[in-house]
Amino acid sequence: MKPAKFDYERATDVAHAIGLLKGSGGFTKILAGGQSLGPMMNLRLAQPDLLVDIGRIEALKRIEKTHDSLFIGALVRHAMIEDGKAPDTTRGYLRSIAGNIAYRAVRNRGTVGGSVVHADPSGDWPTAMLAAGASARITSANGARSVGLDAFFTGAYSTVVGEDEVLEGLSVPAFSDHARWGYYKICRKPGEFADSIGAVVIDPARSYARVVLGATDGAPILLPALASRVAAGQAVSIADAGAAIDAVHSGFDPFDRQIHATALSRAITKALAA
Amino acid sequence: MSDKGIGARILRKEDHRHLHGRANFTADIAMPNMLNLAFVRSGIAHGRLVRVTKPADAADRVFAFDDLVGVKTLRAVSKLPTYKLADYPCLATGKVKFVGEPIAACLADSRAEAEDLAARVAVEIDPLPPVMDMVASRAPGTAIVHEDWSDNIALTIQIPSDIDEVVRTAPVKVSGEYKMSRHAMVPMEGRAVLAYWDDRQDQLVVYSATQVPHLNRAGISDILDIEQRQVRVIAPDVGGGFGLKALVFPEEIVACWLALRTRRPVRWIEDRVEHLIADANCREHHYRISAYADRTGKILALEGEVTVDAGAYSVYPFTNGLEAAMAIGNLPGPYHVPAYRGKAYTVTTNKPPLAPYRGVARPGVAFAIEQTIDAIARAVGRDPFDVRLENLVPAAAMPYTSVAKKTFDSGDYPEALRRVARMLDLPGLRERQKRREPDGRLIGVGFGCYTEQTAHGTSVFASWGIQLVPGFEQATVRLTPDGGLEVRVGVQSHGQGMETTIAQVASTTLGIDPARVNVVHGDTGLTPFSTGTYASRSIVMAGGATSRACKVLATRLVRIGAHLMQCEAKDVQVKDGKVVGPRASVEFSEIGRVWYMRPDELPPDVDMGGLECTVGYRPDPDYGTFAYASHGAVVAVDPDTGVVEVLDYVICEDCGTMVNPMVVEGQAFGGAVQGIGTALYEESPYDDQGQPLHSTFADYTLPGATEAPMIRIDHMISPSPHTEYGIKGTGEGGNIPTSGLLANAVNDALRSLGAEVHETPITPRRVLEAIARARKAAA
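Heads up: the protein sequence lines correspond to chains A and B, in order. With the first letter of the first sequence counted as 1, position 253 gets the number 263 in the numbering used here; the numbers rise by one all the way through. With the first letter of the second sequence counted as 1, position 421 gets the number 451 in the numbering used here; the numbers rise by one all the way through.
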């Protein structure tokens, strides 16, 4: 299929992009890497009136390391992280995740910001960034704000980013030297959309532990009860993980519950073994 | 003989253009003033089509059924008793019968604009209850797809036989139910057509992604009621067919009709959504099998009931009955089955038409029979390998006529199975299974054996009574003035490598280098008539015809060559691209020069047919030559996720004389990986309202490089006694056994849990559900 007719504007900077978003009367979408929006437009599932292309805004491509965090601009492509173009502040966590997103062709074009703001439940970055404790920097005509990812996703394909706001990037806390992580993705074959994702980050030096379940029917799910257990170094069996899932989500069918429990248990096992 | 002829591992002549992106597919062809076509398709599976409302400003660019003046419906006929016609209208009329059925055709300068137009066409449909379950909808009282029928059964075939005594007395009886799910064929290139009227030639020229250009021409001519001389079908590069492109579909007819009406080039390129929801599907079979055996597992009798979900319409020209006819005729497989009783139903439902796909019904048959063999082995407490080996038709029995009246011409079926077991190290695997895998996964091994009837000809097709009955295949060979060779064949090569293998046949016959041979195919304007490429027939038929034509050409070369050397024809022979006499030799190029440019030097009694001839060929007998193989695989099943990984996959095949072993291996590997798709990944499911659930590749999963194991292959060579050079067909066989043997391997792995899966694709969900059922039953 071919996309329905749309108008196209190329934004020169963030302010210009915000102006285009505010000025448009109809349904407007921001185009970054286009790896999700492109197919959705071709299938006519998305029929925006106006496409605001932010692809040439250099400011959104910056990668910046501070003493306790890494800022990743919204337009940084998965492949840049996969290829080690960003400093490793997460003991290889981000790089490992980037290298296993879809296929290389998608990673060459797809962007971190696009993935997070698209909020596809089966995407890697929403779950991975939430587990890492990242926060989003969002800009509008009224200025910038920072939102932790635990308050960012409002459902499947849904975030707090407003219609005239732009996600500038993500700030990821630096892991300490003794941080451990585990990430386990279940999908039909390498590169396919995930059926389940378990993500675990344990960083005792920062008194930090998060366990996240992704690729569900909604926003990635924090499991604080499991986080406390792994912080204490306790293993979590598939049955334990299943029980923890039941405590926060009762809607999974037996198959989904089983693979979610398995993904969590295996991610935790990897983290504890790291 | 040349060292590049039959049997040589030479690279394909086709590779260069494909690897360099220089191939020319229908979608690569653009014409001046061309219109693009998009269809309005039904969003309802079953309903009364009340009204189609065209946009007022574009009524002359939108066409519905009533506009198609002079266009017949696609009517696939069959002489099989009980067969009911299920005519396929080129645009829906009266009722819509599946989601995706074309309702209106929209023309615009670009495809995007044609889709815009299609979105503005209003369609009103009164929904009716959809018929979705082939087994349930056999019963009376269900909704009926075709209102002039009394039920939904399109065809019933029976092989009656009195097996009651065996049924009563056999010491071992196993029964099972096996289901192959519907899926799409997914060639890399979808269907595609570009049609225009050529005033100079007084012809409708149709570029089409087809396997069967001559049949396509016949179909277009018949349905549009124009003379066949006025239709030329050209299949340019075609990106895979697998049976899909051996058919004529409404979209192609509509494109041709619009080209006639508008007198402008009209192009329709099927997109992937159209392919996945609206194109012909394949494979949906349901089996109930009972096998009766002695205490060692030797089969005494077999009883089978096959149900085929044929979808809404009967495909042209092969019909919706071919699947069931092939299934019931091949159910005993390569095994010695003394007694057999079978019944096959073809059922109509509100889904897209079902069509023959690589392997035609036999992958379903093997899925049922190979699991039955393993069930027998479990029942008698023996290794499935041993029970399988003892039931295979032995080499000493060849030629062997099966209980279903198939005559296997040559081969050693048990030896192929033994070699596969050795390649896998079966005893080592059995030992490994006794130890636990360190990662907690479960290991299983499975085997599958099959025969593939290939190049079955006149007698077989005539018995089905369909429009298409292949007869003598012809090839035209022509020596060019500079000593090269043109071979013209009516089949079509769309991945089979026939531009190379047919050149190799010519090379063996004439001693000419294949590099100096052009194989011209896929164009009704340039090639002799052929029913085309299907039924693993082309290398047997077109290769055989090429050989025969080259032999006739050789006699003419010899005659002229002898004259030029001033010796007797009986003293010369064709060798290494030359005519060689007792004291001298003449290059083909010299003979070409004399015939075309210096006829004054020709012998006075020269054959006036010259250096060009068309010769026909048909194997004798023509009921098909049987290739066969055994495949074996080792899988690991993760009992926590249900994920199945193919750890090892081996093949021992025998397709008689191999023209090019690399091409044979490519067919075997490609077939096996396609079979892995059917077995583990591919499915076109519907909800209970008939809405397709897998409409893009986000939902529809195909095996890719990471799912393809490193397949190991061994060859046996049992030449056919019936064909030129002993060649057998090999195009389809690779995917016949795969689903059956992978089901066996998975169930072998799950045995310690008491779980079994008998339905494709064997997805993680199905595996985990089977494990859950077993746990529940045990509790």
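Derived from the structure by calculation, the hints contain no laboratory data. From a predicted model like this one, the values you see are computed outputs, not experimental measurements. Treat the hints with care, as some may be off.
In silico DSSO-like links for lysine-lysine, alpha-carbon gap of 30 Å or less [as the list claims (entries may be wrong)]: (1) B:K209 with B:K109; (2) A:K199 with B:K209; (3) A:K39 with A:K15; (4) B:K209 with A:K280; (5) A:K15 with B:K84; (6) B:K464 with A:K199; (7) B:K84 with A:K12.
For each hint, the structure was consulted:
no.	hint	result
1	B:K209 with B:K109	28 Å, holds
2	A:K199 with B:K209	23 Å, holds
3	A:K39 with A:K15	13 Å, holds
4	B:K209 with A:K280	38 Å, violated
5	A:K15 with B:K84	20 Å, holds
6	B:K464 with A:K199	29 Å, holds
7	B:K84 with A:K12	21 Å, holds
Comparing the model with each numbered hint stated earlier shows that hint 4 is the single one that does not hold.
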